[in-house]
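Undergrad: Since each chain sits alone in its own frame, please combine them into the complex, following the hints.
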Amino acid sequence: MRSFRRLVYPYIVWGSIFILIPMFMIVFYAFISEGNGVMTVSFTFDNFLRFFEDSIFIEVLLRSLKIAIVTTIICIIVGYPVAYIIARAKPNSQSIAVLLITLPMWINMLVRTYAWRGILLESGLSPEVKVYIGMVYNFLPFMILQIYTSLSKMNKDYLIAATDLGCNARQAFLKVTLPLSVPGIISGITLVFLPAVSSFFIPKLLGGGSFVLIGNLIENYFLTAGDWNFGAAISLIMTIVILISMFITKKFDHEKEAENA
Amino acid sequence: MRKYLPKLYLFLIFAFFYLPIIYVIIFSFNDSRSLTNFTGFSFEWYEKMFDNRTMMESIYYSVIIAVLATLVSTIIGTITAIGLSKSRKVVKEFVNQMNNLSMLNPEIVTAIGLMLFFVSLNIETGFMTLLLAHIIFCIPYVILSIMPKLRQLDDNLAEAALDLGCTPWQALYKVIIPQIKPGIFTGALTAFTMSFDDFVISYFVTGPGINNISTYVYSSVRRINPSINALSTIIVLGITIILILANVLPLIAQKRRSKTKRVIE
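Sequence lines, in order, name chains Z and F.
Each residue of the first sequence is one higher than the last, beginning at 9 in our numbering.
Each residue of the second sequence is one higher than the last, beginning at 545 in our numbering.
Hints may contain errors.
Only pairs whose alpha carbons sit at most 27 Å apart, straight line, appear in this in silico DSS-like list of lysine-lysine [claimed, not checked]:
| no. | chain 1 | residue 1 | chain 2 | residue 2 |
| --- | --- | --- | --- | --- |
| 1 | Z | K74 | Z | K161 |
| 2 | F | K693 | Z | K161 |
| 3 | Z | K161 | F | K725 |
| 4 | F | K547 | Z | K164 |
| 5 | F | K547 | Z | K98 |
| 6 | F | K693 | F | K633 |
| 7 | Z | K98 | F | K799 |
| 8 | F | K633 | Z | K258 |
| 9 | Z | K183 | F | K547 |
| 10 | Z | K74 | Z | K259 |
| 11 | Z | K164 | F | K551 |
| 12 | F | K551 | Z | K161 |
| 13 | Z | K258 | F | K636 |
| 14 | F | K551 | Z | K98 |
| 15 | F | K547 | Z | K161 |
| 16 | Z | K183 | Z | K98 |
| 17 | F | K636 | Z | K259 |
Bear in mind the hints are in silico, worked out from the structure with no lab data behind them.
Keep in mind it's a predicted model, so treat the numbers as computed, not measured.
Okay, chain F solo, but in the shape it has when bound (with noise of 0.2 Å):
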């Protein structure tokens, strides 16, 4: 008995962390407005997910902001990292405090001083604003993702590539930056999922009629619409493969990798 009970406790855990995801997937297939009472199967709510315009673009906002705020904030981040690592203690010191305040501060302050910003200069809220917003929050993680990359590395290599003849800036592109690549990449992920995810930020620096997927989520929660059953069922489903693919890729390729070196041998 003693020695199941580590088992049991952490299957009752999961089963409390997997419960409301396996009732929405459940509850998207109920054939009625019931959140309760499951009363029979169909494809109704998906059919009305897909014909309802509002809810059709909070995913397309979602997606779009996403990949553009990851694009521009892995770009700024990476440039800014760099230039960090080379600075000075004050500067670097100054660069971090600022950045605590963003990651450290409630997500609805950093919300409604954005939000105070871009009203008191007349900003009209709404795409640009959200993206910009976006983008403002992540730059801070891809710095911090990219920041102990940058420490590893050893500064000869790139001394080395200035005295064969590079320019600053070819040394930058052919020797850092390839070095560095597994924090790009770990920043530009955790900036996707941060945008992907936000709620609260979004939510206050929105303008009329741009709604991402939590934004339309919280305003059409007042009455019961199963709709939003559907659409996580597809926001789960859509995670789970890229999840999936992402865990089983790189072992499938190391797989090929140590055949071909067993082959070569």
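Looking at chain Z on its own, in the form it has when it is part of the complex (with noise of 0.2 Å):
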């Protein structure tokens, strides 16, 4: 039995070039000048500073940030009504709700946006409204989803008991159903922020060109302007915003945790 342990060693290997060197390359460009070859590289902290020194570019990540926080608080408040509403229809019912949600799902992310396009063409509605509608529109599913997956796990005998013990249905629902389906808005929250923070594509589609997002920079340095170590280092700012914003939510919610102990 013991032999088996090699199989995994070729994907050691694998993951160590495919996955761990490409990351290893974003640090590395973005620490090194224009034009750098490999055997003259000096290291530098221009790209950043370049980034920080501008308030233009200042303005676009909290405005990314801004978009993705708003998302995420639409899709919790849309969403959660809709999970409850599902949890507690009848087993038939719910299967059929949740093959629902997940059916558009299985069409592709570009082809529902493009959809969007033509509907919001003459709707006279801003770009930042457009760009709204788009990202509530395709990160809602996993929301309801996280929620409605933690609430159907929750046992339903705690409701009972807040009920025998004098709860109304408003403080049983309070008190027990939603500190219990914290877990799933949570994982709703990582699965909303984090594709929103980063999309380029809605904003490109339903913003017009002037709608300009994080994702819209690093493509834009990346593909048009091909200057990849200013584009490299701003995906490195990027990822470090959402590893911060990752690690506050979850420090709340093991505030929470303590609090329920």
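TA: Below is the structure:
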């Protein structure tokens, strides 16, 4: 049986080459100045200074954060009741509802976003509102499914106990159901916030050329301007911002847990 | 009224989810270029679609890449998962962290990482880099789908096979693989949909002239092209048929099974 251990070795080599080295290369490119050959590398912080010294870049970063945070909040507010209603339905209706939610997700995201472009073409809405619609449309199903999963796993006896102990329906929801569904909300946040903050085709397709988010910056510096060093620095900054946000969310989750215990 | 409120709310949300899909289907039959006014019924955009070589090629590439990436990533993923289940903790932890890095990274970061990697090594981007990138990002999902099944596996069964004279390979092939089949199947399905739907990574690692459906839609979006509606309608139709079959066939099989059971009894 132990001989099977060896089966994992090829993938360790594979992953080191195709997962770790590319990540390392982003860091490497971010810290060297443009046009360096491998032989004549000089390290520099210029790419980062350039980003933080220009208010336009900071503005784009803050806008991306704002869009992602608001999208996540809308998804929670709109998605929670959906998950709650489905979780309380009959088992058969539950599986049909889940199927109906997953079905559109099988159709290419680009294709669905392209459709919204047509619908919103003459709506007169601002680019920002259009981008919100596109983001919520694409990411809401993830939030609903995550919350639904945590709600449907919940032991219903807790609710009966809460009612027996004198809670009314509202109190039972606030003190039992909601806290127990927090893990679902947290994983929903990860699945919505992360792609929302780095998205670049939704703003491009729905916001028109003028609405730039950090993903569009990265795309432009890599594919249009060809300034890979600066592009790599921007993506590194974005990754760090995402890591900090995820850390804060996780911390919130633990505090909740500590409170409940 | 209170009783119907939840139903109404669900209906509105589902309407929101299906609105663009219905919209695309309707406008694929429009007889003008307009995306806002339905002026009359025609098959014009379907004819244009079948005449459009780049568009047809993009469908071909999406399918062929998804099939090949699924095949390769399922094989590598299965082998790795089996090895991983018998590995020491350190190795397990390392591979899991590596896979998490691949799955949790924003797609655009993975995409530019691979692009920098290919270009720095002077590998010409095109079909092969596209396929390789898809295999790379699919494997972690395959491993993730198979690991739970391996954890449930009874170690004694493989040991018994070895005691009864199987070589390790026979034990793998005759005992372990059949038991983790559902996991392998889920993994393959995930890999296929991930690959077929991918845009961001494909967009950065593909070369000139090689487009999948996503990159084609993105590149032709600057001008209005109603053939994309026709293409989308066909994708919607195809996926609906597959999903219906996937959900109905097991039911039919189950019915037939219970029927034969009743006959035997």
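Undergrad: Report the numbers of all earlier hints that the structure fails to satisfy, in ascending order.
TA: 1
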